[in-house]
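> If you read the protein sequences in the order shown, they are chains A and B. For the first sequence, position 366 matches number 366 in the UniProt record's numbering, and the numbering has no gaps at all. For the second sequence, position 44 matches number 44 in the UniProt record's numbering, and the numbering has no gaps at all.
Note that these hints are calculated values from the structure, not bench results. Here a beta-carbon is modelled for each residue, glycine too, at the ideal position from N, C-alpha and C. Be careful, since some hints might not be right.
[To be verified] Pairwise CB distance ranges, derived in the manner of DEER restraints: (1) A20/B x G332/A: 27 to 35 Å; (2) I13/B x N408/A: 21 to 29 Å; (3) A33/A x K5/B: 54 to 62 Å; (4) T11/A x E50/B: 52 to 60 Å; (5) A29/B x G368/A: 37 to 45 Å; (6) D23/B x R52/A: 28 to 36 Å; (7) V328/A x D23/B: 50 to 58 Å; (8) E363/A x A29/B: 46 to 54 Å; (9) D23/B x D337/A: 27 to 35 Å; (10) I13/B x D284/A: 26 to 34 Å; (11) R235/A x A29/B: 19 to 27 Å; (12) L54/B x G26/A: 38 to 46 Å; (13) L54/B x T487/A: 33 to 41 Å; (14) I13/B x T487/A: 46 to 54 Å.
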Amino acid sequence: MPQNAAWALLTPNLRRHPHKTAYRCGDASLTYAGLADAVARAGARLAASGARPGDRIGCVLPDGPAAAVALLGAMWIGACPVPLPTNLGPEDYAFILEDAGAQLLVAEPDHPAPSRTSARLLPAASLTDPEPALAGDGSSPHVPGPDDLALMLYTSGSTGRPKGVPHGHADILRPIETFGRVLGLSENDVLFSVSKMSFAYGLIASLTLALGYGATAVLLSDKPAPDAVFAAIGRFRPSVVFAVPSVYGLLLRAMEPGDDLSGVRLFYSAGEALPPALFAAWRDRTGSAPCEGIGSTEAYNVFISNRPGQAQAGTTGRLVPGYEARLVDEAGQDVPDGQPGALRIRGQGLAVEYWNLPDKTRETMLPGGWVRTGDLFVAQGGVYVHQGRCDDMLKVAGRFVSPQVVENVLLTHPEVAECAVSACRVDGLERPLAVVVAREGAATDAAQAAALRRFARDRLPEEMCPARVEFVAALPKTSTGKIIRRTLRRD
Amino acid sequence: MAVTKAALKELLILAGVERAVVDALPSDAPMLRHGIDSLDFPSFIVVLEEHFGLTIPEAEAWELRTLDDFAAYLDARAPKA
């Protein structure tokens with residue numbers, strides 16, 4: 001039987017250092033003893049609100065101690081928290097909460113997330129109310145069965161329909177002995193993930209690794225603008241920073257002489273490929289080469305990674321112990337060293353299904369425990385180099401972007417007749433490129449391109465907004481009329 | 001002809017930055033510390049490259065942080081501004 005993940009993350013710290021700070025966020029902080037108390041309280045409150053083992057519970061909270069408490073509180077009673085970003089549109093919240101079958105939603109009372117859902121709102125503050133009507137004994141955790149869920153994260157699908165990725169309790173603990181070992185973490189570390197806890201990368205760092213090593217985690221509740229990130233680093237002096245390449249690019253361009261990064265021993269990069277020029281510029285400016293790896297929501301882990309102090313520009317690194325990898329051609333046959341192939345991985349802790357999507361599950365989670373990642377790699381002597389995606393999906397600022405979703409929005413513009421979205425590179429980083437056939441008589445100049453970018457910006461999340469808009473007379477199509485997006489890439 | 005900061009500011013507006021932000025932008029401080037955000041900056045690079053008909057190599061791009069940086073870079077390289 002697996003351990004309850006929340007119990008396993010909290011209990012050793014209660015014995016070892018109950019008064020140590022687990023979380024810092026602005027002026028707020030929480031010790032391990034305070035965290036454990038709040039988690040038991042939150043669990044009891046959720047149970048009193050009707051949550052039962054196995055129930056999915058939406059959590060729409062900015063990064064902060066309250067988010068950690070809500071997620072762990074739900075896990076504590078055997079429920080399955082579903083952490084979601086705070087900036088989704090109302091339709092996305094409605095779709096996801098309905099898909100997950102979530103009856104309860106933990107959010108700030110004024111957040112728009114609950115507006116179109118049937119899920120009942122539990123204000124975040126009520127979870128740690130000092131005098132809740134407790135139902136049952138919050139001090140002992142639910143003992144999970146082998147198939148019980150501990151967490152479900154949503155990831156963008158190619159059609160724009162987000163996919164739920166459920167994980168069991170053992171999966172949540174898996175990065176501690178694998179990815180954490182590669183990074184050489186210890187309880188002396190102070191971890192700061194600029195990536196939010198609603199994404200696997202941020203949650204692995206700020207929840208699993210931080211608590212699993214008995215370290216301290218720094219959380220940033222605001223949007224990670226350079227000012228806020230530098231202020232948090234200067235104030236809390238983290239030893240390990242987790243961010244996506246786009247954020248390292250922003251920080252590099254925004255850095256001023258007073259910004260002190262000297263306490264950081266390791267800058268970790270994942271979520272999208274790190275361009276070699278950015279690697280070099282960051283190393284030259286800070287004296288510390290960023291260490292790159294790749295993971296996934298399906299793995300709830302990083303499975304290929306450079307090793308701290310030995311990071312090579314332009315490579316994703318070597319397999320993390322605990323994982324096997326295959327690079328295969330279109331027929332599923334292994335490719336030799338030096339040849340590009342589609343990456344499949346195998347190892348403990350991988351999700352075994354997508355929530356309510358049996359076809360997508362069969363397509364991705366293969367017999368024998370292998371999981372398709374959708375990434376193309378070349379391997380040479382055990383070192384992996386990313387070559388892009390096998391499909392049309394883009395990876396922008398660490399988030400998947402479905403071309404179809406962006407196209408659907410641009411097609412609602414009255415002067416767009418047809419469009420296709422693919423990828424271009426700006427400063428070496430992948431960004432959406434919109435290739436547009438304008439309606440007859442419509443302008444196709446720089447001002448019109450700017451107008452379409454603004455149109456998208458008003459309707460789409462940041463990472464989906466085209467950085468470049470090009471006008472063409474016709475789009476490349478197959479004989480059956482399907483747009484060939486691949487040929488539009490500008491790499 | 002020197003690339004003027006006024007011309008660069010017009011390109012920032014074309015890239016989608018609000019005029020009030022552009023008007024208040026100091027020329028010698030990182031733009032990302034003065035209201036230009038993570039969405040504006042890549043758009044600005046694209047607009048700039050299209051306008052001047054050049055591609056900024058990655059190795060040099062990360063050194064371009066202020067309006068003055070961009071003006072000096074373009075003065076040295078733009079074929080015909």
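> With reference to the structure, classify each hint as holding or not holding.
Against the structure, the hints come out as follows:
Taking the beta carbon of each, A20/B and G332/A are about 56 Å apart, not inside 27 to 35 Å as hinted. Checked against the given bound of 21 to 29 Å, the beta carbons of I13/B and N408/A, roughly 28 Å apart, stay inside it. Between A33/A and K5/B, the C-beta spacing of about 56 Å keeps the proposed range 54 to 62 Å intact. Against the hinted window of 52 to 60 Å, the Cβ-Cβ separation of T11/A and E50/B comes to about 58 Å, which satisfies the hint.
The beta-carbon spacing between A29/B and G368/A, approximately 56 Å, falls outside the hinted interval of 37 to 45 Å. Between D23/B and R52/A the beta carbons are some 57 Å apart, a value that contradicts the proposed interval 28 to 36 Å. For the pair V328/A and D23/B, the beta carbons lie near 55 Å from each other, so the given range of 50 to 58 Å is met. A hinted range of 46 to 54 Å for the beta carbons of E363/A and A29/B is consistent with their spacing of about 50 Å.
Between D23/B and D337/A the beta carbon distance is about 56 Å. The supplied range of 27 to 35 Å is therefore violated. Under the hint 26 to 34 Å, the C-beta atoms of I13/B and D284/A, about 33 Å apart, fit the expected range. At roughly 22 Å, the beta-carbon separation of R235/A and A29/B lies within the given 19 to 27 Å, and the hint holds. In this structure the supplied range 38 to 46 Å holds for L54/B paired with G26/A, their Cβ-Cβ distance being about 43 Å.
The given range of 33 to 41 Å is broken by L54/B and T487/A, whose C-beta atoms sit roughly 24 Å from each other. With their beta carbons about 33 Å apart, I13/B and T487/A fall outside the hinted range of 46 to 54 Å.
When the structure is compared with the earlier hints, violations turn up for hints 1, 5, 6, 9, 13, 14 and for no others.
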